[in-house]
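Protein chains in written order, with the working numbering: chain W, 126 to 297; chain R, 126 to 297; chain E, 126 to 297; chain Z, 126 to 297; chain S, 126 to 297; chain Y, 126 to 297.
Rather than coming from a laboratory, the hints here were simulated on the basis of the structure. Because the structure is a prediction, the values reported are computed rather than measured. Any given hint might turn out to be false.
Same chains, same names: a pair is fine if it fits in one copy or spans any two.
[Said to hold, decoys possible] For lysine to aspartate or glutamate, the following DMTMM-like pairs were computed, each having C-alpha atoms within a straight-line distance of at most 25 angstroms:
1. 155 - 174
2. 232 - 280
3. 281 - 162
4. 232 - 272
5. 286 - 221
6. 232 - 144
7. 284 - 162
8. 286 - 173
9. 279 - 267
10. 232 - 219
11. 232 - 221
12. 276 - 200
13. 166 - 247
14. 279 - 162
15. 286 - 200
16. 281 - 219
17. 281 - 200
18. 286 - 154
19. 276 - 221
20. 284 - 200
21. 232 - 267
22. 232 - 247
23. 279 - 200
24. 286 - 219
Number of protein chains: 6
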Amino acid sequence: MTTALYPGSFDPATMGHLDIATRAAAIFDKIVVGVYDAPAKNVLFTTEERVALFAEALHGTPNVEVKSFSGLTVDFARSVNAQVIVRGLRAISDFELEMQMALLNRKMVPSLEVMCFMTSLEYSFLSSSIVKEIVSLGGSIDGMVSDNIAKALKEKYRKLKESASIPRYLNS
Amino acid sequence: MTTALYPGSFDPATMGHLDIATRAAAIFDKIVVGVYDAPAKNVLFTTEERVALFAEALHGTPNVEVKSFSGLTVDFARSVNAQVIVRGLRAISDFELEMQMALLNRKMVPSLEVMCFMTSLEYSFLSSSIVKEIVSLGGSIDGMVSDNIAKALKEKYRKLKESASIPRYLNS
Amino acid sequence: MTTALYPGSFDPATMGHLDIATRAAAIFDKIVVGVYDAPAKNVLFTTEERVALFAEALHGTPNVEVKSFSGLTVDFARSVNAQVIVRGLRAISDFELEMQMALLNRKMVPSLEVMCFMTSLEYSFLSSSIVKEIVSLGGSIDGMVSDNIAKALKEKYRKLKESASIPRYLNS
Amino acid sequence: MTTALYPGSFDPATMGHLDIATRAAAIFDKIVVGVYDAPAKNVLFTTEERVALFAEALHGTPNVEVKSFSGLTVDFARSVNAQVIVRGLRAISDFELEMQMALLNRKMVPSLEVMCFMTSLEYSFLSSSIVKEIVSLGGSIDGMVSDNIAKALKEKYRKLKESASIPRYLNS
Amino acid sequence: MTTALYPGSFDPATMGHLDIATRAAAIFDKIVVGVYDAPAKNVLFTTEERVALFAEALHGTPNVEVKSFSGLTVDFARSVNAQVIVRGLRAISDFELEMQMALLNRKMVPSLEVMCFMTSLEYSFLSSSIVKEIVSLGGSIDGMVSDNIAKALKEKYRKLKESASIPRYLNS
Amino acid sequence: MTTALYPGSFDPATMGHLDIATRAAAIFDKIVVGVYDAPAKNVLFTTEERVALFAEALHGTPNVEVKSFSGLTVDFARSVNAQVIVRGLRAISDFELEMQMALLNRKMVPSLEVMCFMTSLEYSFLSSSIVKEIVSLGGSIDGMVSDNIAKALKEKYRKLKESASIPRYLNS
Chain W
126 MTTALYPGSF DPATMGHLDI ATRAAAIFDK IVVGVYDAPA KNVLFTTEER VALFAEALHG
186 TPNVEVKSFS GLTVDFARSV NAQVIVRGLR AISDFELEMQ MALLNRKMVP SLEVMCFMTS
246 LEYSFLSSSI VKEIVSLGGS IDGMVSDNIA KALKEKYRKL KESASIPRYL NS
Chain R
126 MTTALYPGSF DPATMGHLDI ATRAAAIFDK IVVGVYDAPA KNVLFTTEER VALFAEALHG
186 TPNVEVKSFS GLTVDFARSV NAQVIVRGLR AISDFELEMQ MALLNRKMVP SLEVMCFMTS
246 LEYSFLSSSI VKEIVSLGGS IDGMVSDNIA KALKEKYRKL KESASIPRYL NS
Chain E
126 MTTALYPGSF DPATMGHLDI ATRAAAIFDK IVVGVYDAPA KNVLFTTEER VALFAEALHG
186 TPNVEVKSFS GLTVDFARSV NAQVIVRGLR AISDFELEMQ MALLNRKMVP SLEVMCFMTS
246 LEYSFLSSSI VKEIVSLGGS IDGMVSDNIA KALKEKYRKL KESASIPRYL NS
Chain Z
126 MTTALYPGSF DPATMGHLDI ATRAAAIFDK IVVGVYDAPA KNVLFTTEER VALFAEALHG
186 TPNVEVKSFS GLTVDFARSV NAQVIVRGLR AISDFELEMQ MALLNRKMVP SLEVMCFMTS
246 LEYSFLSSSI VKEIVSLGGS IDGMVSDNIA KALKEKYRKL KESASIPRYL NS
Chain S
126 MTTALYPGSF DPATMGHLDI ATRAAAIFDK IVVGVYDAPA KNVLFTTEER VALFAEALHG
186 TPNVEVKSFS GLTVDFARSV NAQVIVRGLR AISDFELEMQ MALLNRKMVP SLEVMCFMTS
246 LEYSFLSSSI VKEIVSLGGS IDGMVSDNIA KALKEKYRKL KESASIPRYL NS
Chain Y
126 MTTALYPGSF DPATMGHLDI ATRAAAIFDK IVVGVYDAPA KNVLFTTEER VALFAEALHG
186 TPNVEVKSFS GLTVDFARSV NAQVIVRGLR AISDFELEMQ MALLNRKMVP SLEVMCFMTS
246 LEYSFLSSSI VKEIVSLGGS IDGMVSDNIA KALKEKYRKL KESASIPRYL NS
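Chain W on its own, in the form it takes in the complex (with noise of 0.2 angstroms):
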């Protein structure tokens, strides 16, 4: 049986990690997608908060579990039996930063394999952070994220509406 570990920090998962977890659980038996706990005060979501929507958004896919951690991406993966790191290759700007941290996670667990799916191609502008930025400035994330996503984005900034740290790269 072959498990394969999606981990990132999912601050909300979009439409483009959805994707991702769906066809990886096409091809392999298990797929833990690991949602990394981050410093709250270096998220939007809570860390229970981004579990719970991602488990919520993939409700359908039997053989997809979703749970956090701390520490070292390869020492997770061990601990869930992984033998696979699952990550979305994005026709623009991912490549370099996965190659790095691929390289990396080899080196310490040479075991440990990292396989890329390319993303599908609609969604290869998307990112947490560029739909954070688009809900903060009123604009639409239709097919961006799911239902229960874009509910949960837009009750979050309309209780941080002072909130002002918009991303640079919309309007830079």
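With the hints as your guide, set chains R, E, Z, S and Y onto chain W.
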């Protein structure tokens, strides 16, 4: 009549930004330079200063107007009746981010075109960040910004002297 | 009045080329599609065929004219009074070559502007070479070229059946 | 049961190709190495030789089968019941072409997944072309190909001695 | 006599940095390692610690001197009579930033040459940030830094245990 | 004494090549320009012509010698006692190929260092191929090659007038 929006932070405008605005003004009927109204803590110059400095530097280009905006770039484009968003591509380092932004903007407003000018070679290593860093370290910025902006930068840093937030790239 | 030149080999034009020509026609007053008169041994379709196929595919776009040319692109641009050269940038693989060409052309004729459109996502993996290879291997090119060009390609390959010069990238 | 196709020209297979095939065999139930049946004039080894050399080099990996194919890669994938196409990504130079191929293949057969392994660092500068060039120039290819392939290469070049078609990159 | 400056933050020096410094020392008559005097809040080790750690790690390389500096790199280069600035390029991710810095430095001081070494393959995924992150997460950094620096890192993190500023890339 | 080898095809040398050779001559004690002895059918100028043209263009740089070579670059480097191979990196398009070549050469001869100069901005779009194409199409190459080489190019093309092998990039 074709109106083009040239959006950015312009903190402050460099000779590369002036070059793009001037060249765009030779092609399109009207150019609106859109200065993004970023929170003061993230920029060196206030929104008003950035608008005034760019406008002054453009002195003599009749069909260019400089305005500030907040919210999504595509919404501002619509409000000024721009059919085109103009961006500059430097020989190094801009392509992927610009492609991502262009694809996102076209998804949000398909009728809004994004067009890129290739930045002139002599400005291909220039950025607002680099100019600010050089000034902060006492270096010469001759030929990197217009005279009014060079003067404004030196005054600003004289007042900020105690500031120590030096970007990493020049000395990394 | 702004005239833009859209130069290329167009052997044959793909939906990506049609997309750029049509979008450019919505921005500029007049578009001249310039079909480079390459030696017959290097192309599948003759210069006349390439002009006719692109023109037929553009049927319905009044301000676009398709012409062949030889010599330097900048000289042809001058001869049709184009102020702008238009090029498409795909999310993958075009940037560096286009930047090099743009810088070179601007060095030869500084007043001639080069502007790039971002190719639509759904065409970002398309090229004339790939379309020819798929047809030669018996695959479907639905949605990759216009109907008249699909028909011409199939006829051409029926005649060439013995040709075996298959580009390397699809099966490499 | 998951079957993965690893397609290529393999003219001849390098240690990098062997590495990918072996690692894929540890993850998937069955691997079919598909050797593209390219015209003899474009390759150094015949299709039969390339199949035999790769198969011999893989000696000891029970769930890998080496076969030749012609036509589209996606059609061959279907004929061997592969759900996955496997490719290797080197730290340098492969990403864009692989992304283009992956997007194209997924458009033609959406249910066919393309997954990439990151090539091991020690093979990241290796390619079939480079190995052939080094042998043709009398250099050592120790550690770049398996022993049987090193032997076959030396014999082939002894026969071809008069051949002078030396790829440009090593000495450019 | 040719003196080369090797500038950086070196917070702390990795085996990749040591590799470049040692190789440069084999080519040039004298190497000055310039440790940038960054504000304490932006670095893990103080300027004095970074100088001492690199110098100790270089023990045995007679023509290398480690010094701290503030201000522009080009001004420091002049003050130590360096004709050359040396930089390392990793197979992944460094090129564009280094090119920008090189062009900028040459514009400021045309007579000052910038030369790049290709980082050895086995260090191509290494950076000071990654090393700090691995230590902070309890992972092994064997072979990534010299012994004295490994020891200093562990001691530093033992004291900082409560620190939670974990870079994003390893677990993103 | 440090001797550096600057290898290439130089068919013919451009101002970019001259720039690198001259700058290298200011850093190292001796420069050997190595002109690769490619088969006549692949080059415009014979090996002897390429050596003579580069040597003439370098007139006045005492510590540079121009020689032809065949076989592996690393073997030629050894035969002229070079400790360093010098290469130029243009802002666009050279990095990956140069990195691959450097890693390969260092694997073959670990003690042989490969160092890169950043090509001056004004030559960043130049290549031998582009210069030949412009001449063949009747364009001006002022400032792209030295006077003796411009003269040789024009004479060569006057004789070849019937030649139609025009590289694809300028008009693609």
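Now for the hints, and whether the structure bears them out:
no.: 1; hint: 155 - 174; in the structure: within (22 angstroms within a copy, 39 angstroms between copies)
no.: 2; hint: 232 - 280; in the structure: between (42 angstroms within a copy, 24 angstroms between copies)
no.: 3; hint: 281 - 162; in the structure: both (19 angstroms within a copy, 23 angstroms between copies)
no.: 4; hint: 232 - 272; in the structure: between (39 angstroms within a copy, 18 angstroms between copies)
no.: 5; hint: 286 - 221; in the structure: neither (35 angstroms within a copy, 30 angstroms between copies)
no.: 6; hint: 232 - 144; in the structure: between (28 angstroms within a copy, 15 angstroms between copies)
no.: 7; hint: 284 - 162; in the structure: both (22 angstroms within a copy, 22 angstroms between copies)
no.: 8; hint: 286 - 173; in the structure: both (22 angstroms within a copy, 24 angstroms between copies)
no.: 9; hint: 279 - 267; in the structure: within (12 angstroms within a copy, 40 angstroms between copies)
no.: 10; hint: 232 - 219; in the structure: both (20 angstroms within a copy, 20 angstroms between copies)
no.: 11; hint: 232 - 221; in the structure: both (17 angstroms within a copy, 23 angstroms between copies)
no.: 12; hint: 276 - 200; in the structure: between (34 angstroms within a copy, 22 angstroms between copies)
no.: 13; hint: 166 - 247; in the structure: neither (31 angstroms within a copy, 35 angstroms between copies)
no.: 14; hint: 279 - 162; in the structure: both (22 angstroms within a copy, 22 angstroms between copies)
no.: 15; hint: 286 - 200; in the structure: between (38 angstroms within a copy, 19 angstroms between copies)
no.: 16; hint: 281 - 219; in the structure: neither (28 angstroms within a copy, 32 angstroms between copies)
no.: 17; hint: 281 - 200; in the structure: between (32 angstroms within a copy, 22 angstroms between copies)
no.: 18; hint: 286 - 154; in the structure: neither (43 angstroms within a copy, 38 angstroms between copies)
no.: 19; hint: 276 - 221; in the structure: neither (33 angstroms within a copy, 30 angstroms between copies)
no.: 20; hint: 284 - 200; in the structure: between (36 angstroms within a copy, 23 angstroms between copies)
no.: 21; hint: 232 - 267; in the structure: between (40 angstroms within a copy, 10 angstroms between copies)
no.: 22; hint: 232 - 247; in the structure: between (33 angstroms within a copy, 10 angstroms between copies)
no.: 23; hint: 279 - 200; in the structure: between (35 angstroms within a copy, 19 angstroms between copies)
no.: 24; hint: 286 - 219; in the structure: neither (31 angstroms within a copy, 31 angstroms between copies)
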